[in-house]
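Colleague: Chains as they are written, first to last, in the working numbering: chain A, 16 to 410; chain B, 570 to 717.
It is worth saying that the hints were derived from the structure and are not from the lab. Wrong hints could be hidden among the right ones.
To be verified - Within a straight-line C-alpha distance of at most 30 Å, the following computed DSSO-like cross-link-like pairs (lysine-lysine) qualify:
1) Lys644(B) - Lys21(A)
2) Lys153(A) - Lys226(A)
3) Lys153(A) - Lys99(A)
4) Lys99(A) - Lys208(A)
5) Lys574(B) - Lys390(A)
6) Lys689(B) - Lys574(B)
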Amino acid sequence: MNHSKKVIYLDNAATTPMAPEVIDAMAEVMKNTYGNASSVYSVGRAAKAILEQARESVAKSLNCLASEVYFTGCGSEADNWAIKGYAMANKTKGNHIITTKIEHHAVLHPCEYLEKNGFEVTYLPVDETGLVSLEDVKNAIKENTILISVMYANNEVGTIEPIEEIAKIAKEHGICMHTDAVQAVGAEPIDFKALGVDMLSLSAHKFNGPKGVGALIIRKGLRIAPFMHGGAQERSKRAGTENLAGIVGLSKALELAVSNLADKQPKIRAMRDYLISEIEKNIPYIRFNGHREKRLSNNVNFCFRYIEGESLLLMLDINGICASSGSACTSGSLDPSHVLLALGLPHEIAHGSLRLTLSAQTTKEEIDDTVSALKEIVHRLRLMSPIYDMSLEQQ
Amino acid sequence: MYTEKVMDHFTNPRNVGELEGADGVGQVGNAKCGDIMKISLKIENDVILDAKFKTFGCGAAVATSSMATEMIIGKTLEEALAITNQAVVEALEGLPPAKIHCSVLAEEAIKAAISDYYVKTGREIPGNTCTGCCGSCGHDHGCETEEE
Numbered sequence: 016m017n018h019s020k021k022v023i024y025l026d027n028a029a030t031t032p033m034a035p036e037v038i039d040a041m042a043e044v045m046k047n048t049y050g051n052a053s054s055v056y057s058v059g060r061a062a063k064a065i066l067e068q069a070r071e072s073v074a075k076s077l078n079c080l081a082s083e084v085y086f087t088g089c090g091s092e093a094d095n096w097a098i099k100g101y102a103m104a105n106k107t108k109g110n111h112i113i114t115t116k117i118e119h120h121a122v123l124h125p126c127e128y129l130e131k132n133g134f135e136v137t138y139l140p141v142d143e144t145g146l147v148s149l150e151d152v153k154n155a156i157k158e159n160t161i162l163i164s165v166m167y168a169n170n171e172v173g174t175i176e177p178i179e180e181i182a183k184i185a186k187e188h189g190i191c192m193h194t195d196a197v198q199a200v201g202a203e204p205i206d207f208k209a210l211g212v213d214m215l216s217l218s219a220h221k222f223n224g225p226k227g228v229g230a231l232i233i234r235k236g237l238r239i240a241p242f243m244h245g246g247a248q249e250r251s252k253r254a255g256t257e258n259l260a261g262i263v264g265l266s267k268a269l270e271l272a273v274s275n276l277a278d279k280q281p282k283i284r285a286m287r288d289y290l291i292s293e294i295e296k297n298i299p300y301i302r303f304n305g306h307r308e309k310r311l312s313n314n315v316n317f318c319f320r321y322i323e324g325e326s327l328l329l330m331l332d333i334n335g336i337c338a339s340s341g342s343a344c345t346s347g348s349l350d351p352s353h354v355l356l357a358l359g360l361p362h363e364i365a366h367g368s369l370r371l372t373l374s375a376q377t378t379k380e381e382i383d384d385t386v387s388a389l390k391e392i393v394h395r396l397r398l399m400s401p402i403y404d405m406s407l408e409q410q
Numbered sequence: 570m571y572t573e574k575v576m577d578h579f580t581n582p583r584n585v586g587e588l589e590g591a592d593g594v595g596q597v598g599n600a601k602c603g604d605i606m607k608i609s610l611k612i613e614n615d616v617i618l619d620a621k622f623k624t625f626g627c628g629a630a631v632a633t634s635s636m637a638t639e640m641i642i643g644k645t646l647e648e649a650l651a652i653t654n655q656a657v658v659e660a661l662e663g664l665p666p667a668k669i670h671c672s673v674l675a676e677e678a679i680k681a682a683i684s685d686y687y688v689k690t691g692r693e694i695p696g697n698t699c700t701g702c703c704g705s706c707g708h709d710h711g712c713e714t715e716e717e
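Chain A on its own, in the form it takes in the complex (with noise of 0.2 Å):
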């Protein structure tokens, strides 16, 4: 594969290049912090400094508590502990959970766990731009309701979820509400407070931070059963020695994300706003998807008709473009994203489509080279396609 064009990196929901201030706070952990933060003596001690300090920091950047900060292996770390730690450690209060059909499958596959051990699951539906209807979750409350978990902002189309009034209508009813906010944070202002909610998940790797660290803020005095079971570190919660240069740079990227927020978003969401009208001005036999404005300010989603969306994505792969698809051969089955089906689309639309995903160093430039690149190869492969022959001869 020709890779010496210059690589277009639009796939920063899949994941984010580190920031290098966040790189020198972790060689700088590394090098001289070798301490168990659970040793008495110093070298221990100064380790649990550094590791507090991170739990300040983190819980500045959210305003929350540093007591509420537990940090675990990643996203799907806290989002699978939010979900089967509350469930467990209170399943003599109820057995039902409400969700939604659009969930990262780091809370569908934990949900569909616990139905297998006598939980019972409400998925709720969204309509056709991914929003879930507050009268929907309120009718899907039932006596024995203990927890409800919705999405801050969905991974592939970019709808931001009405997470602030679902919270007050849980806190109504005394049910728990949990939301993974792994999209959302560093891309989002987040205020743990103001939100309302008892649980956040979130994922260091998404804001410039590096893999394998991630966190779960839990309401302080909420019930939950420990998901990892072993030693006392995080409060008897989260067993297992903490991963203090991954912490630091958790801790260092959402500081860095959280203060450059003001400037990037505005910036951010013009250059996809433009890449939306480029594409809708360009391309025809699309389908936007997703909220116009409910939206992350760096998520593009569209389907491309009578393609697939793995010839897409190695097209552009030729063409130095990184961008990601709902279609089944992305996924490895045969059914496309479970998400784009949700919001109604029929599978053979929904297999061809595309997320771009935005930084703040995409250019004006690379969003033209983009835009011309993917108008060239729509066209390619629909030429090649039967089913664009069969539209144009009913027309």
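Chain A is fixed; fit chain B onto it per the hints.
Modeller: Frame of chain A, contents of chain B only:
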């Protein structure tokens, strides 16, 4: 994930298009599953003089269609009918396990196009070319077809 040969046939597919006045045309797969292959053939004295394809599908679907058309041009119908999906996979120097069904689709597309020729010319189809899943009789290659 793909071999160089697959990428070569994907990026420079051979024999794309449709033959005007084709002697046999076969289309298999369905859009719901994410792949459709259509092969058209020019046949004289039971020899395939030319073949063209159109495919909606992933990289492997395009590459297997391209390779399949290359493999059958110049072959007798009997020889073309004997081409298995495994032969297409081998010619492409391998496919990821999840993509083997694309090669099955290519074999079925060839068989469907040749069957169409036999039907059009009112001849008996030699041997049993029906694998039960070429799509022309309502079956498919393992995809679920229930309507929503």
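Colleague: All hints, please: hold or fail.
Modeller: Here's how the hints hold up against the structure:
no.	hint	in the structure
1	Lys644(B) - Lys21(A)	violated (44 Å)
2	Lys153(A) - Lys226(A)	violated (37 Å)
3	Lys153(A) - Lys99(A)	holds (23 Å)
4	Lys99(A) - Lys208(A)	holds (23 Å)
5	Lys574(B) - Lys390(A)	holds (26 Å)
6	Lys689(B) - Lys574(B)	violated (35 Å)
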